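Protein chains in written order, with UniProt numbering: chain A, 1 to 396; chain B, 1 to 511.
No false leads were mixed into what you were given.
Below, in silico cross-link-like pairs of lysine to aspartate or glutamate (EDC-like), each with a Cα-Cα straight-line distance of 20 Å or less:
1. B:K212 - B:E222
2. B:K83 - B:E137
3. A:K226 - A:D187
4. A:K101 - B:E353
5. A:K72 - B:E353
6. A:K289 - A:E249
7. A:K281 - A:D187
8. A:K101 - A:D28
9. A:K3 - B:E247
Hint data in this document are derived by calculation from the structure and do not stem from the laboratory. On a predicted model such as this, the values are computed, not experimentally measured, just so you know.
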Amino acid sequence: MNKLYRILSLLLIIPLLSGCWDRVEMNDVSFFMASALDLTEDGQLKTSILVPIPVAAGGDNGKVSPSGTLGKTYFVVSAKGSNIHDAERSIQQKISRRFFKGHRRVVFIGEALARKGIKDILDYYSRDPGSRLRTYIVVTKGKEAIEFLKNDHPIERIPSEEVRELERSGVGVSATFRDFLMMQARDGIEPVTGAVELVSPTGTVKEEEKYSLYQLSSTAVFKKYKLKGYLNDIETRSLRWIKEEVKQEIISGSIAGSGGNVGVVMNKMSSTIQTTMNGEKARIRIVLKGTGVLNEANVKLDLNQSGSLILIEDELGKLVADQTLRTIRKAQTEWKADIFGFGLQLHLFHYRTWQKIRPKWDAIFSDADVTVTAQISLRRAGIITNSLSENGVGES
Amino acid sequence: MFKQLFGNRKKRSNVFQDKTIGSTEGEDLVSSLNENESRLRAIFNGCSDVIFRSFQIRGQQNAFIVYIAGLVDEKQLEESLLKPLMLGDSTESSDSNPELLSFLRNRLITNSQLIQSSRFQIIEQEILRGSVAICIEEQMEALLVGIQGGNIRSVEQPSTENTVRGPRDSFTEILRTNTSLIRRKVRSSRLKIEMLTIGEITQTEVAIAYMKGITNESTLKEIRSRIQNIQIDVVLESGYIEQLIEEKSYSPFPQFLVTERPDYLVAGLLQGQVAIIVDGSPFAISAPMTFWGFLQAGEDYYERVLYANLIRLIRLSFAMIALLLPSLYVALTTFHQQMIPTNLLLSIASAREGVPFPALVEALMMEATFEGLREAGVRLPKQVGQAVSIVGGLVVGQAAVQAGIVSAPMVIVVSLTGIASFTIPRYNFSLAFRILRFPLILLAGMFGLYGISVGLMLILVHLCCLKSFGVPYLFPTAPVSLQGLKDSLFRAPLWTLYLHPQPTGKEKGSG
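Please construct the entire structure, taking both the sequences and the accompanying hints into account.
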């Protein structure tokens with residue numbers, strides 16, 4: 001026992017001999033909150049980072065004011081380089097504080113760069129141990145990515161936080177580097193990411209707004225690491241329904257034969273995909289299912305009759321099926337990119353067939369025979385029965 | 001060199017060796033009253049609180065009494081001793097001298113505590129304990145009447161261990177009162193209370209209490225022999241005994257329960273503990289004690305089971321906070337920034353902006369300040385204490401944050417740690433957490449979470465090695481005892497706790 005104590009007390013000296021090489025005080029760290037990657041005109045990579053400016057504590061009665069002289073809560077630094085590390089080296093020369101990338105939430109990819117290809121960038125993000133694969137990857141639709149970093153947001157102190165929240169909220173396609181790499185690695189599916197736009201908050205284009213909002217409604221379609229095009233709002237919904245990524249969604253549309261339109265809050269949305277090969281021809285059958293509640297009904301129907309609800313269900317089903325079919329047609333014709341994972345179904349359930357047709361899948365997909373049916377069932381018609389009439393509430 | 005550093009400790013005796021002063025060993029009373037008196041006066045030479053009073057027993061025999069003022073109930077002395085001795089009818093008294101003492105004993109002196117002795121040594125000791133010695137002309141023996149009294153503190157509410165529900169009495173400085181408080185709760189002859197005298201000079205009475213049939217006999221034997229082997233001059237508090245008989249003096253973890261609540265001590269006795277009560281101290285100690293035992297309060301059993309379990313859970317988590325929070329904060333902010341949620345990280349980074357010290361220095365500084373404030377709060381008089389706590393807690397903290405010397409999160413961490421350490425019901429156990437916090441902060445500042453894990457590992461290894469009188473300190477979790485687990489981190493309903501815990505594993509594991 002005595003000997004043990006002697007050894008232990010000798011061991012106690014070791015901490016004093018070694019340094020603390022990993023230790024870095026928070027005051028000496030600059031956190032990357034978001035990065036933006038752009039392609040310059042001379043073909044170089046322009047890397048921009050968003051660093052929050054810590055708010056200095058103290059002042060009168062806990063009033064806080066940002067430290068530094070900028071009066072802002074964040075700042076953006078850019079540098080050009082042949083690759084990301086080259087650019088980061090230049091950035092580090094401009095910022096004395098050590099980089100810390102563990103908290104990066106979003107990486108914006110400029111449209112031009114995305115079209116050129118993001119293979120090199122993905123290599124960096126999956127290789128660098130300081131970066132996290134949980135970082136969201138988004139394509140900036142129509143603008144340079146750095147614009148998205150510099151945009152002041154009315155709510156968030158750090159504007160890129162808003163994009164992350166949008167990605168998380170489930171309104172559109174969300175993809176992290178991990179998701180992207182997994183989609184890329186899988187057979188029979190092409191990767192997609194969210195595409196963000198900067199929009200005017202009130203929609204008035206003429207009026208000069210002081211700030212813009214981020215909108216996540218489109219989807220960026222990649223093929224061979226290159227941006228091929230975008231899916232719009234409705235097409236994105238169809239894509240997510242097929243991939244069963246959507247948990248809750250509002251579907252509205254005019255109903256033929258009812259003289260009006262309806263709004264339905266859908267939940268329990270699911271899909272069944274059946275891909276079969278008939279010789280060289282693929283046959284894809286998609287069944288979309290959804291349960292919802294009729295929460296808006298501007299129709300001249302007696303909603304007490306179950307037939308009326310069935311009519312609405314059928315019409316909505318047709319609408320959804322039509323929208324979905326058009327989305328698939330777009331992917332088939334414009335990009336020949338199987339973003340829905342139909343090939344994956346073959347890969348999973350008909351492996352031998354898949355092995356045979358694998359090199360030709362893009363062609364087969366673009367030529368595939370697709371049928372979509374949508375089965376929508378409505379649980380309730382809200383808390384009143386019929387649409388408001390001139391006589392009174394709920395009377396027909 | 002290391003032999004010099006870690007040379008074997010020599011056994012030192014802290015016993016006052018010179019026994020020649022005032023030694024009365026082996027001397028007996030003589031028949032001459034004057035000689036006896038002068039002998040006693042010589043013994044108590046310079047002791048101004050020793051009172052000699054001469055009188056005649058019913059106008060016949062000369063006699064005197066000796067007692068120490070303040071230790072004796074003087075009213076009772078007059079009423080029950082001096083009055084019947086001096087005033088009674090002289091014809092009743094026996095003429096023959098040899099029977100005088102038995103006459104006094106049987107007919108006159110009504111006190112229950114009475115002994116007869118001829119030895120100066122015993123007379124001296126009894127007088128020092130508060131007896132009244134009566135020496136009579138031509139009698140070779142003195143009567144020693146116990147009428148202890150004087151000003152003593154009455155039984156009051158416990159001052160350091162408060163409960164919402166439970167008995168309100170607490171131990172006092174008088175041993176007899178304390179044993180009576182225990183006896184009142186356990187009306188069983190199986191409760192044994194043995195008396196010993198420790199302290200060459202102070203002659204302090206020490207009681208060992210245990211439940212026969214529940215206490216492990218070998219544990220009892222071990223404790224008894226260790227106490228008997230104590231050689232010390234002075235015993236002022238039960239802490240002396242605790243430190244002299246505990247196994248690991250250099251462990252931060254206490255191995256004795258220290259309490260001033262009789263109900264808690266009795267609960268321990270009924271679980272097989274051996275209690276040691278020291279005259280002059282309101283704090284009784286008892287052993288063997290386990291890690292989980294220190295995290296329990298008496299209220300755990302008085303309150304209903306669900307609430308008791310919730311409180312135990314909260315207590316354990318706050319104990320962990322008291323141990324780990326500052327070091328975790330230091331490790332996370334200086335090594336593992338990626339582990340803090342982003343928004344929290346930004347807040348902390350903002351608060352730390354402009355703070356001149358590294359987080360490690362900041363933490364050590366604030367913890368030391370807090371310990372200092374706590375110590376000051378204990379030492380200062382009550383009237384000043386409040387001012388110190390206000391100035392220390394609010395003004396200094398607020399001002400330090402505003403001046404940018406420390407960051408606000410650190411103040412929160414330190415104060416939370418301080419509050420958390422008060423949730424540990426046993427004060428001496430919380431001291432262990434207070435001590436261990438500092439090395440953990442240092443480890444965290446140097447190695448981050450790795451350092452904390454190594455530190456915790458060392459603590460765990462130490463706890464696994466530690467034994468309190470043969471009982472593993474982590475019983476019933478290590479070694480596992482399913483019966484014991486019913487009352488460890490969680491407590492099963494009372495009706496399931498029908499077995500006496502056997503923490504020593506019957507007789508085999510002791511020693």
